[in-house]
Amino acid sequence: MPLIPEEPQIHESAQGPRATPASGRAASTPRPVPGPRSAATPRPGRPGPGPARPAPPAPRPHPASGASQTAHPENRSAPQIQLIPAAAAAAVDAADEAVDLLLDSGRAPGDILVVTTGEQHPWAAHELSFGEAAYWAQHDTGEDVFFARADAAGRLKPRPVVVVAVNDAGGDDIADVLSGARARAGALLIVCGDPRRVDAVLGAGV
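This note's numbering numbers the first residue of the sequence shown as 15 and each following residue consecutively.
Careful: at least some of the hints might be erroneous.
Unchecked claim - Cβ-Cβ distance ranges computed for the label pairs, FRET-style:
1. Pro209 x Gly145: 31 to 41 Å
2. Ala214 x Ala103: 15 to 25 Å
3. Gly120 x Ile95: 13 to 23 Å
4. Leu97 x Asp187: 14 to 24 Å
5. Glu157 x Ala189: 29 to 39 Å
6. Thr155 x Gly120: 16 to 26 Å
7. Lys171 x Ile95: 12 to 22 Å
8. Asp158 x Gln94: 17 to 27 Å
9. Asp213 x Ala151: 35 to 45 Å
10. Pro209 x Ser143: 31 to 41 Å
11. Gln96 x Gly185: 14 to 24 Å
12. Arg210 x Phe144: 36 to 46 Å
13. Leu115 x Pro136: 16 to 26 Å
If you are wondering where the hints come from, they were derived from the structure by calculation, not from laboratory data. In this text the structure is predicted, and so the values were computed from the model without any measurement. No residue lacks a Cβ here, since even glycine has one placed at the ideal position from N, Cα and C.
Generate the whole structure from the sequences, applying the supplied hints.
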């Protein structure tokens, strides 16, 4: 008789405390664990949202600061030169395509200067319609691709990349234009024009 009531007391006491900590641990662990994990996942997961945020600002500050440091020594030596064969009538289109490729490759718009040897680039002609002050203000700001004619070379500041569109029918000043463009190109000079005409100048060590 005395053994019968002792057995349920032992079973109940053993089951009671085991159930409460188990339920208490299970209730406490899911609350803190998903909190830090959900907060931590977006941080190391910067490859998803990260590139969208740093990508636009990164090319702006880095090339701007880096170009100012590298432009001077590279101008003193020689930038890389690329020739894109194009007739005079197609030189501007070739230059526009080169600019698009540069931007797609990560170049900042403010890194690029486009010079035409003949007629103004359509963008320059449009901007000049608002006045030369507003036009040159964009050049001085240096935040976007700038287009200018070669005869305005005296006002053009050096940039990491200079694209020359040889869109004039001919002329003896091509050597001076390419020489000035190379002096302003910090890292890369792209020439869009007739290979025979351009090679004759570039081969002369311009």
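### Task
Could you tell me which of the numbered hints above are not met by this structure, giving the numbers in increasing order?
Result: no hint breaks.
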